[in-house]
Structures are given as C-alpha cells and as structure tokens.
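Required output: the full structure, derived from the provided sequences and hints.
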Amino acid sequence: MAQSYLDLRAATSARDRSLREKVMSIEEATSLVNNGDSVAIGGCTASRTPFAMIWALIRAAKSDLKISRSITSTEGDLMFASGISNHILTSWFSQGIVWGISKVMRAYTESNRARFEEWSHMSIGLRYRAGAMGVPFMPMRSMMGSDVAGQLDNLKEMDCPFTGEKMLLVPALNPDVALIHVQRCDAYGNAQIDGLQFMDIDMAMAANRVILTTERIVSNDQIRRSPDQTRIPFIAVEAVVEVPFGSAPHECYGMYEPFFSHMDDYASLTKTNPEQGVAEYLEKYYYGPKDWTEYLELLGLGEMLDATYRGRSIQND
Amino acid sequence: MAQSYLDLRAATSARDRSLREKVMSIEEATSLVNNGDSVAIGGCTASRTPFAMIWALIRAAKSDLKISRSITSTEGDLMFASGISNHILTSWFSQGIVWGISKVMRAYTESNRARFEEWSHMSIGLRYRAGAMGVPFMPMRSMMGSDVAGQLDNLKEMDCPFTGEKMLLVPALNPDVALIHVQRCDAYGNAQIDGLQFMDIDMAMAANRVILTTERIVSNDQIRRSPDQTRIPFIAVEAVVEVPFGSAPHECYGMYEPFFSHMDDYASLTKTNPEQGVAEYLEKYYYGPKDWTEYLELLGLGEMLDATYRGRSIQND
Amino acid sequence: MTNQSDYTSAELLAVMSARQLVDGQTVFAGVGIPLLAATLTQRLQSPGLTILFEGGVLGPFVVPGELPPTTNEQRCTRRANMILAITDVLLLLQRGYVDIGFMGGAEIDRYGNLNSSILGDPENPKIRLPGTGGGNDISSLTQMIVTMKHEKRRFVEKVDFITSPGFLDGGSSRKDSGLVTGGMHRVITDLAIMGFDEKTKSMKVEALHPGVTAEQVRDNTGFDIHIDDDLMVTESPTIKELEVLRHLDPEQLYTA
Amino acid sequence: MTNQSDYTSAELLAVMSARQLVDGQTVFAGVGIPLLAATLTQRLQSPGLTILFEGGVLGPFVVPGELPPTTNEQRCTRRANMILAITDVLLLLQRGYVDIGFMGGAEIDRYGNLNSSILGDPENPKIRLPGTGGGNDISSLTQMIVTMKHEKRRFVEKVDFITSPGFLDGGSSRKDSGLVTGGMHRVITDLAIMGFDEKTKSMKVEALHPGVTAEQVRDNTGFDIHIDDDLMVTESPTIKELEVLRHLDPEQLYTA
Numbered sequence: 238m239a240q241s242y243l244d245l246r247a248a249t250s251a252r253d254r255s256l257r258e259k260v261m262s263i264e265e266a267t268s269l270v271n272n273g274d275s276v277a278i279g280g281c282t283a284s285r286t287p288f289a290m291i292w293a294l295i296r297a298a299k300s301d302l303k304i305s306r307s308i309t310s311t312e313g314d315l316m317f318a319s320g321i322s323n324h325i326l327t328s329w330f331s332q333g334i335v336w337g338i339s340k341v342m343r344a345y346t347e348s349n350r351a352r353f354e355e356w357s358h359m360s361i362g363l364r365y366r367a368g369a370m371g372v373p374f375m376p377m378r379s380m381m382g383s384d385v386a387g388q389l390d391n392l393k394e395m396d397c398p399f400t401g402e403k404m405l406l407v408p409a410l411n412p413d414v415a416l417i418h419v420q421r422c423d424a425y426g427n428a429q430i431d432g433l434q435f436m437d438i439d440m441a442m443a444a445n446r447v448i449l450t451t452e453r454i455v456s457n458d459q460i461r462r463s464p465d466q467t468r469i470p471f472i473a474v475e476a477v478v479e480v481p482f483g484s485a486p487h488e489c490y491g492m493y494e495p496f497f498s499h500m501d502d503y504a505s506l507t508k509t510n511p512e513q514g515v516a517e518y519l520e521k522y523y524y525g526p527k528d529w530t531e532y533l534e535l536l537g538l539g540e541m542l543d544a545t546y547r548g549r550s551i552q553n554d
Numbered sequence: 238m239a240q241s242y243l244d245l246r247a248a249t250s251a252r253d254r255s256l257r258e259k260v261m262s263i264e265e266a267t268s269l270v271n272n273g274d275s276v277a278i279g280g281c282t283a284s285r286t287p288f289a290m291i292w293a294l295i296r297a298a299k300s301d302l303k304i305s306r307s308i309t310s311t312e313g314d315l316m317f318a319s320g321i322s323n324h325i326l327t328s329w330f331s332q333g334i335v336w337g338i339s340k341v342m343r344a345y346t347e348s349n350r351a352r353f354e355e356w357s358h359m360s361i362g363l364r365y366r367a368g369a370m371g372v373p374f375m376p377m378r379s380m381m382g383s384d385v386a387g388q389l390d391n392l393k394e395m396d397c398p399f400t401g402e403k404m405l406l407v408p409a410l411n412p413d414v415a416l417i418h419v420q421r422c423d424a425y426g427n428a429q430i431d432g433l434q435f436m437d438i439d440m441a442m443a444a445n446r447v448i449l450t451t452e453r454i455v456s457n458d459q460i461r462r463s464p465d466q467t468r469i470p471f472i473a474v475e476a477v478v479e480v481p482f483g484s485a486p487h488e489c490y491g492m493y494e495p496f497f498s499h500m501d502d503y504a505s506l507t508k509t510n511p512e513q514g515v516a517e518y519l520e521k522y523y524y525g526p527k528d529w530t531e532y533l534e535l536l537g538l539g540e541m542l543d544a545t546y547r548g549r550s551i552q553n554d
Numbered sequence: 381m382t383n384q385s386d387y388t389s390a391e392l393l394a395v396m397s398a399r400q401l402v403d404g405q406t407v408f409a410g411v412g413i414p415l416l417a418a419t420l421t422q423r424l425q426s427p428g429l430t431i432l433f434e435g436g437v438l439g440p441f442v443v444p445g446e447l448p449p450t451t452n453e454q455r456c457t458r459r460a461n462m463i464l465a466i467t468d469v470l471l472l473l474q475r476g477y478v479d480i481g482f483m484g485g486a487e488i489d490r491y492g493n494l495n496s497s498i499l500g501d502p503e504n505p506k507i508r509l510p511g512t513g514g515g516n517d518i519s520s521l522t523q524m525i526v527t528m529k530h531e532k533r534r535f536v537e538k539v540d541f542i543t544s545p546g547f548l549d550g551g552s553s554r555k556d557s558g559l560v561t562g563g564m565h566r567v568i569t570d571l572a573i574m575g576f577d578e579k580t581k582s583m584k585v586e587a588l589h590p591g592v593t594a595e596q597v598r599d600n601t602g603f604d605i606h607i608d609d610d611l612m613v614t615e616s617p618t619i620k621e622l623e624v625l626r627h628l629d630p631e632q633l634y635t636a
Numbered sequence: 381m382t383n384q385s386d387y388t389s390a391e392l393l394a395v396m397s398a399r400q401l402v403d404g405q406t407v408f409a410g411v412g413i414p415l416l417a418a419t420l421t422q423r424l425q426s427p428g429l430t431i432l433f434e435g436g437v438l439g440p441f442v443v444p445g446e447l448p449p450t451t452n453e454q455r456c457t458r459r460a461n462m463i464l465a466i467t468d469v470l471l472l473l474q475r476g477y478v479d480i481g482f483m484g485g486a487e488i489d490r491y492g493n494l495n496s497s498i499l500g501d502p503e504n505p506k507i508r509l510p511g512t513g514g515g516n517d518i519s520s521l522t523q524m525i526v527t528m529k530h531e532k533r534r535f536v537e538k539v540d541f542i543t544s545p546g547f548l549d550g551g552s553s554r555k556d557s558g559l560v561t562g563g564m565h566r567v568i569t570d571l572a573i574m575g576f577d578e579k580t581k582s583m584k585v586e587a588l589h590p591g592v593t594a595e596q597v598r599d600n601t602g603f604d605i606h607i608d609d610d611l612m613v614t615e616s617p618t619i620k621e622l623e624v625l626r627h628l629d630p631e632q633l634y635t636a
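Residue numbers (this note's numbering), protein chains in the order written: chain A, 238 to 554; chain B, 238 to 554; chain C, 381 to 636; chain D, 381 to 636.
Simulated from the structure, these hints should not be mistaken for laboratory data. Heads up, some of the hints might be wrong.
For each label pair, taking beta carbons as the anchor points, the in silico distance ranges come out as [said to hold, decoys possible]: (1) PRO444(D) - SER505(B): 22 to 30 Å; (2) VAL260(B) - ASN553(A): 28 to 36 Å; (3) GLY387(A) - GLY551(D): 44 to 52 Å; (4) MET395(B) - SER250(A): 24 to 32 Å.
In silico BS3-like cross-links for lysine-lysine, where the CA-CA straight-line distance does not exceed 30 Å [said to hold, decoys possible]: (5) LYS303(A) - LYS527(A); (6) LYS555(C) - LYS508(A); (7) LYS393(B) - LYS403(A); (8) LYS403(B) - LYS538(D); (9) LYS584(D) - LYS532(D); (10) LYS303(A) - LYS403(B); (11) LYS403(A) - LYS303(B); (12) LYS538(D) - LYS393(B); (13) LYS532(C) - LYS579(C); (14) LYS529(C) - LYS620(C); (15) LYS403(A) - LYS538(C); (16) LYS529(C) - LYS584(C); (17) LYS506(D) - LYS403(B); (18) LYS529(C) - LYS508(A); (19) LYS529(D) - LYS508(B); (20) LYS529(C) - LYS555(C); (21) LYS579(C) - LYS403(A); (22) LYS393(A) - LYS555(D); (23) LYS403(B) - LYS393(A); (24) LYS508(A) - LYS532(C); (25) LYS303(A) - LYS506(C); (26) LYS508(B) - LYS532(D); (27) LYS521(A) - LYS508(A); (28) LYS393(B) - LYS393(A); (29) LYS393(B) - LYS555(D); (30) LYS555(D) - LYS403(B); (31) LYS403(B) - LYS393(B); (32) LYS532(C) - LYS506(C).
If you're wondering where the values come from, they're calculated on a predicted model, not measured in any experiment. In this text, a Cβ means the ideal position worked out from N, Cα and C, and glycines have one as well.
Structure follows, in structure tokens:
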C-alpha cells in the first residue's frame, strides 16, 4: 500500500538535505540499511546492478529485506540464498535470457521459502514514479484483464472522471532505501549517469534514503560545469561510496560489459544442484574475500580487462 | 477536457513516424498549423521561445489558435494583438518581472476581447505530462482551496482509494501542435536541448505534431554518437526548420541571452498607448521584413553580438 | 528457390516473422528471433523500420555478430537515436507511438493469451517461470506478433496463467476488461502463420509454410484450431534472406 | 549598530527576511528580495542553504551584480548543482524536499492568502495581474515566507482572488480543502515580522523593526491585526549585512 503523505513528508523533512560530504566505506554504508527495510535496487538485469552494496549487505547478514527491482538477475538468487531477503518484487527474474530459467529462484519460490511478487515492467516504473512525484498512485492502461493483475491485492480500478475510460491505479512505491550504482558523482551525492538510466532516477527520488556507489568520485566543481547532466541531486542522497567495478560481474555502461565467462560459470554451478551451487558461490565470492579488492581478484584481472575492453568499445564508432 | 484515448491513438497512428527527412522552410511549416488548433509553445518566459515560428504564424494570419505555455511573455501580447489567438492558457503572463505588468495583456483581457486562462505552473506541467504518458489525467496536491482552481471548470477531486487522501485531478493536455526551439537537431527531428528544458519534452510527447525550429541542423551520425543526449525523438516530430537566432529577442541557453535593450524598447513602446504601441511594433518587426534575416537586421547586429557574448559567458567558469 | 533442407526451422521462423513487418512501422522487439527478424527486414525491404527495446532504446543499429543478449545492456544502444528511461520507453506504447509488439512465446492459448509466469496451479506452481518483464505492457497496449515453435504443449486450450493478454476469453472480453487498443495480430511458427477470427477472436490458420500440411498443424496444436480450405502457402525463404540472416547471426546463436 | 538613516526600507526587508532562513534548509526562492535575502544569508550565516528556482535549477551560485531577472533564464543556472524540468523542480515541493517557499507579495489578507491574479470582481476584473506562476504550487505545498511592503492597500481583510493559498478562511479550512501540509510561516515587511495564530490562523505581529510603533503597523494594515503587548524588537541590520547586500546588488536593482 502507498505510504501516508504526512508520514512521507515527515520522513523526508527529518533528513539532513544540506550540501554536506557523505563519503563513507561500503561497510559503513550497510548501517544505513535496517533489517526489514524495503530496498529498491537500481540498474536492470545485468546492467549497473549495485553489486558491491548487495555484496556488503550479504556479508553484514541483513535480514527480512523487501526487495524491488525492475528486472532481477543473479543478485536475486544470492539474496534468497544468503537469507537477507525472502521477498522480491520484480517483473522478470532469472540470470538473463541466454542462461535460461534460474534454478535457484525456482528452488526457493516453488518450495514457498521465498516470494517472487510479479508486476508488469511498466507498473513498477510507474509505482516508483508516483513515489517520486509525491502522489499516492499513478493511473495506467496495461495489466488489466491479465493474471499478473489478478494475483495482486493492491491495485484499484476507476472510471476516469473526464473520459469515462476504465483505468488501473497502481500505488506509489517509496522504498526505505535505494541502492544505485553510477559512473560518477561528487562527495555530496550529485550523480551523473551515462547511457541507460533504467528506473534509477524515479527510484532515487521516491526513496527515503539513497546509497550511491560510484565508479569514481569527482569534484563538485566538475558537476557544476554541466548541471544539466546531473541525474540525481545531492538532496536525495545519504551516502556516497567509491567502488571501482562496483557492478561486477554485471556491466556499467561505457566502462565495462558483463563478465560473461564468470556468469557462464555461475549458471553451470547452479544447474544441477542449485542450492549447493549457490552456497558454494557465496562462500567463495561473498564470505571468503577480506574486501572488495580481493573479490575482484577472484573474478580475475583477465576478465576485468576483457570486460573493460568490450565496455569501452560501445563508444568506438 | 481530455481527449478520448481512441481518438488520441488514431491521430498518432495516422502519422508517418518513420525515419525520414523533415527539413522545410519556416513558411512551409506554417501550413502544419490549422486555424483553430490548440498550440503549445515551448520555452518559458524569455527563454527558448520559438519566436521565429510565432513570427511566421502571425505573418501567415492564422486565426483562433488556442495557445498554452508554462509562462507567457511578449509573444502573448503579439498573438493577441495580431489576432491569431484570443485565448492563452498559462500560469503567468507579462513581459517579465522587471518590466511590470503587460499593458497589452491588460488591454485585451480587461475588455474581454481575449482570455488569459490561468492555471498553476505545476498543473500545466502535469497536464502535458499526462498527455505525454497517454493517460487522461494526473493526480496532484496543489491548487485545491484557491480561486485559481475555483475559476476552472475542468478539474475533478477524488479520494485516493489507497490512502483516503483528497487529490486534485487535472485533465491531460494533448495539443494539436507543439512549437519548440532547440539548440540542435538532425534532419529527422532528433533534438538535443542544452540547459533548461522547461516543459518542452512532455509537451513534445503529448502533442499530435511537433514543429521543431533549431539553431542548427546536425547530422544523424552526430546524434547517434550520444543517444543519451537526445531529448525529443524523431518519431514525435513533423517538421524541422533551421532558424539561426530563432528565439530572438529572447534567449537560447548557452548561445545568446535576451536582447535586453530591444525588450526595454518594447516595454516603453507599449506603456502609454498599448494597442497603438503593439500595432506599430507588429508593423515594423512582423509585417515589414521580407524574411527572418531582415527581421534580425532590424534587431541589429550590435544587439545580436552583445546577446551572444552574454549568452556564451554562462559556460566561462 | 530454396527447399526445406536449405534452412533450419529457426531460420524459417525468423524469415516468416520478418515478412510480417511493414516499412515505416515502429516495432517494440524482444531479443532473439524478434530482433533478428526486425533487423533482417530493415536490411532487406524495410529500411524505415524503427526498433524499440524495453531497456530504453529507440532506433538502434544492430551490429552483425553482436546481437545483444538482453534488451537492457549497452550493446542495445549502439548508434541508437535515443536512450530513455525504461518507464518512458514503455510509455511510448501507452501514448500510441508503437505499431507492433514483437516477441517470442513459451505457451499460448486459443485466444492468444501468453504465459511466461507459472506452469501448474498459480497458488502452488509446478514451475516458476521468469515472468512478464515488459510482455504484459506490450501486449496490453499494441498489436502483437508472436513467434514461437509449434508444439502441442505450447499451443494449449487455456494457459495456466495469463501473463500477456491476448483476447482473454475471446469476443469483446479484452475490450471489456479495459484494454481498448491492441491485441494479437499474428502468431508465426515453424509450421504456419496464424491470425484471429474477427468476431470470436479464436486463433485460425492463415497460411502454411512450404511442405506443411493442415494435419501437421492440427497434430501440433493442443486445441481445435480453425483451418480454412483455401489456405495460402507461404513462399520459402529466399537465398538473399538466408544470406543476410546468417550475416547477422554468424554463430547461429538464435537460428541453430 | 546602524540606525534607520543607514539603510533603505528595501534593504531592511532583505536583511530581516534573510534572518528567517536557517542553515541547511532548502528554499524555493523567487527573484528580487527573496533571492537577494537567501543569497545574503548563504554568504553570512547559512552556507549550507540550498536555493531552488522554479525555472528548474537546484543549488545555483548567484554572481554578485548579476542577479537574474527571472527564475527561467540561464543566469539562474550558473554553477548550479542540477538543472531539471520545470515540472520536476515543482514536484520536489510535492515530494517534500523543500523546507521553505520564499516570495514577494502584492496583496495579502488576514489569513495569509495572496493575490497576484485579479483586482476587482474576478468575473469582470478591474486590473488583470500577471497571475500565479509557481506561487500557487509553492504556497500549497510548503512553509511560506512572504516579503512585502507594509501598506494598507496591500494588507486587506479579504483578497479579491486567492492566487496563493494561505490559511484560506482560517482555522482548519486549509487542511479541510486538501492542503494537508505547509502554510504561511512568516510575513516580513519594512515595519514588522508577522506570524499566524496557531488556532485561528489569523495574522499577528511577532516583532517590530527598530523605531517602528505598534500604532504604525495598525495604521498600515487594512484589517484588525493582533499585536502582543510584550513585542520583540528586531535588531537593526548590521554593517556586515549591509555590506554584503550592496556587494550582491551594487546597482540597487532591488534595494533602492
């Protein structure tokens, strides 16, 4: 259900929205996520996934996170299997079309240990947009008549008072926290996003706090030289964490493409015995490394260079 | 009132939305505006006003145009006085704060020869946005209780079915035509807008056809090198007209500031006897010149250079 | 002229799908066969076709041999005319800018409803599928072309779960539900081209591919499908079509 | 210490307004005195103040001597943190990101309602004013500070037309109308600082400027205004405040 407007205003009002430095470590940033929070995740499928932050939350053994994301890839498997979440709201959930249906998602949802709450892609976007706009719902014209709508209990229909047309109303989604990975931002949280934006901007403006991870922190001066390139303003942001390759093994537009062989390996590992495979994966890549650099070392320098080579080539022609 | 969805879809469907060349002269473009059309005007106050197109429509002696704009400056005076429109929907109407209340607007509205239909700034933006989204209304939380809302007959109130909160609904605005001036676009109508965007993007997507005027036509190749800078896609555009200084005497972000002494002169000219003053102005600057270049010559090269000098300096620091 | 041994059934699917698109249309395309088919027709007969991806891309240039694996990755944006937010690209459908939605299907029923969510009892799923993505929105808001393999288990009387609405229960039920535009336009399989009866909205065969019999179609369809007596037969893929197709997908990722 | 001959009444207005703002706040500012006052306090006591302009600007840097003539021109964007669409900058108000709306007023009534639309009968206006702009949205959605000259013709019992809602008819009428947040916070004039009674929502004097008497305020107010006996007196503008102010507006465009 949509949050009451007075509660939303009070929560926003209570935040220190001034121009102040917010740089912290990824471990410190995990303290901004409380057990039980609703957490929106930026990017889409294998693109600009805030993987470093998800990695840190899994290591910090958070619990009962209610996740939302436009389209969910491997990070969904890992959140189910690590136990930090048993409820993911998304429109599509599997590693990616080429890898087929996620065996881990199937294992957890078919045994009812976790829930994949399915909404249409646009309805999720409009729920964030309503949240960003400070209204309790958004009218739309899809989903009606389908079982996607039929199995949801927080939709309303109305007849438009202007045209008489039947409209579907979806409730605003104002997540407690949004995790967003960007190419660059300043120490105050003014973020620039190159290329595909997905639902990140609406999500950031809807959320009650935003944790930004960034490939690179730039000066506020640099931001102010092209203010029309700022996509998320500092007033929405609570934490800025610099994490190179913060989306690995997924891609970050213009910088690196997905680490395809790593993703192939994950798919193989979870194919026959999904639960054992994902547990092994978590042990090796999540609980094992002492820090993010060690995690990247495990992914391997060769893969990093290859992903970077492919990632930069988008701008070659 | 909001247009019926089936009519809106039919009108859009009937348009040739393919990647095709649309370059034409400003005179040819006037044929895309029919008498009686609802016409949305891009920019705001003295910024990126599509003045060249308005100039051409006045010279083409259009009639009964129903105008909408976020904030209306001198172009409103000129449309009233030339007779191409007697109905302007806007949130604020006068040359600009420093020049005081428009005497021409007062003369026409106080004598009931023309109507200034006043909506709140945000409500106009949300009406275009609803139009751009293909929904018949947008919910909002301002305007209630005021006489701005009280004097309008196409607003609705509703209780939100999710939260019980009282909401105001404003109807979608899908103009027949939108006139938008941009810094650059390609021959197909892919437009880039630097700096302040105002309501132009929603307006373009809401409109049934868009006439773009542009300081410069660039290659489609150039557009495709930074597709995340495209703000209006070719599928929405019907005409592309290259007009240097197409917003003069108003400003175009990053290129030129307003022609302040010209605007001072206009204010003086219309101060004592507004109707005579504006008639003289139209005669001299609108009906007199044989083409846009001659119009610019009348504005004067000195003013053009000065406005350009000031306009470019925004990017100096 | 080619004959059946000259192409794979996936290649046939791609070619037949490509021919359904008309120059000048704006097409919302999924990855795989739909994208391949849209690109094929763009190169051959419809240079003015505009492709949209649900990741937020308008008018991209698909590089041969670099078909993007999802519609949400940077490969999709190569030399695009515009990149926009996901919500905004989907809203182009709602606003009416899109002529055709074009995607693959896993399970379809008599009225063109597609299921990509749940096999078995929705309350207690036997198999949890990946879900709708943009499928529901696309099929709610525009004319659909669906391309899929023609198998009995995929062409069912009634899908377990309507992920992407076709004509729901047939007749006027789609309109009555609030979906006043769009609907299933064509289903293209490796056996035939199907349309929908104007009144009942039930699926019917419109043309058979070369060498395919009406009986074959019936045998591979899980419901009683209407087949006219005077059926058209499609023209087999041309050498040119196959050449371009193989140029676009040299590793046969989607056409093996 | 300064005395009244050291500053103009517009300068007094700017200084007194500036002091109402608190470091760390986000302020939606109109051009003229509001912008000048917001910039003044940013330079002096509130470096963490964030200014928003309705043209679509967040956190700009105002260059001394180059005060923008409207909030919709490029001068407003100089060294800003962000430029955004008009609708989106106004939606920041609705979402709750803004602490204070800060603007000038032409006509105000007992309950803080502002008129900038129509003088005389709305059906048959005597004078058509420029209208609301963002004023209605700003005053509907956030705490307002209004700065204006204290004249009887401007402080009226009831405005002819409510352009920007204050407390409407007082009491709970604002909330009842659907405006559940915001409201008039302070009215700053060249004579005094006014607030609003918590219950009746009627305007009351909170402090007088140096040398101003309660009687002067009453004489220049068109309705019966409540004035406490134990009124505060504001501190006169400091030399530092006046220096910075004159540095910002050297040509006295707004402070003559």
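Taking 30 Å as the top limit, are the C-alpha atoms of LYS508(B) and LYS532(D) close enough?
holds (27 Å)
Range agreement (Cβ of ASN553(A) with Cβ of VAL260(B), hint 28 to 36 Å):
holds (30 Å)
For LYS393(A) and LYS555(D), compute the direct alpha-carbon distance and say whether it is at most 30 Å.
holds (26 Å)
Pair hint LYS403(B) and LYS393(A), alpha-carbon separation not exceeding 30 Å:
holds (16 Å)
Does LYS303(B) lie within 30 Å of LYS403(A) when you go C-alpha to C-alpha?
holds (29 Å)
Just to be careful, I want the Cα atoms of LYS393(B) and LYS393(A) compared with a cutoff of 30 Å; is the pair within it?
holds (18 Å)
Please test the hint of 44 to 52 Å on the beta carbon pair from GLY387(A) and GLY551(D).
holds (46 Å)
Can you tell me whether the CB distance of MET395(B) to SER250(A) sits inside 24 to 32 Å?
Given a distance of about 26 Å, which is inside 24 to 32 Å, the answer is holds.
Under the criterion that the straight-line Cα-Cα distance not exceed 30 Å, is the pair LYS555(D), LYS403(B) satisfied?
Since the Cα atoms of LYS555(D) and LYS403(B) sit roughly 10 Å apart, the hinted pair holds (cutoff 30 Å).
Could you grab the alpha-carbon distance between LYS529(C) and LYS508(A) and see if it respects the 30 Å cut-off?
holds (24 Å)
If you draw a straight line from the CA of LYS532(C) to the CA of LYS506(C), is it 30 Å or shorter?
With a Cα-Cα distance of about 19 Å, the restraint between LYS532(C) and LYS506(C) holds, given a limit of 30 Å.
Sort out whether LYS620(C) lies within 30 Å of LYS529(C), counting only the CA atoms.
Roughly 23 Å between the alpha carbons, so the hint for LYS529(C) and LYS620(C) holds.
Hints 6, 17 from the list above are not met by this structure, while the remaining hints are.
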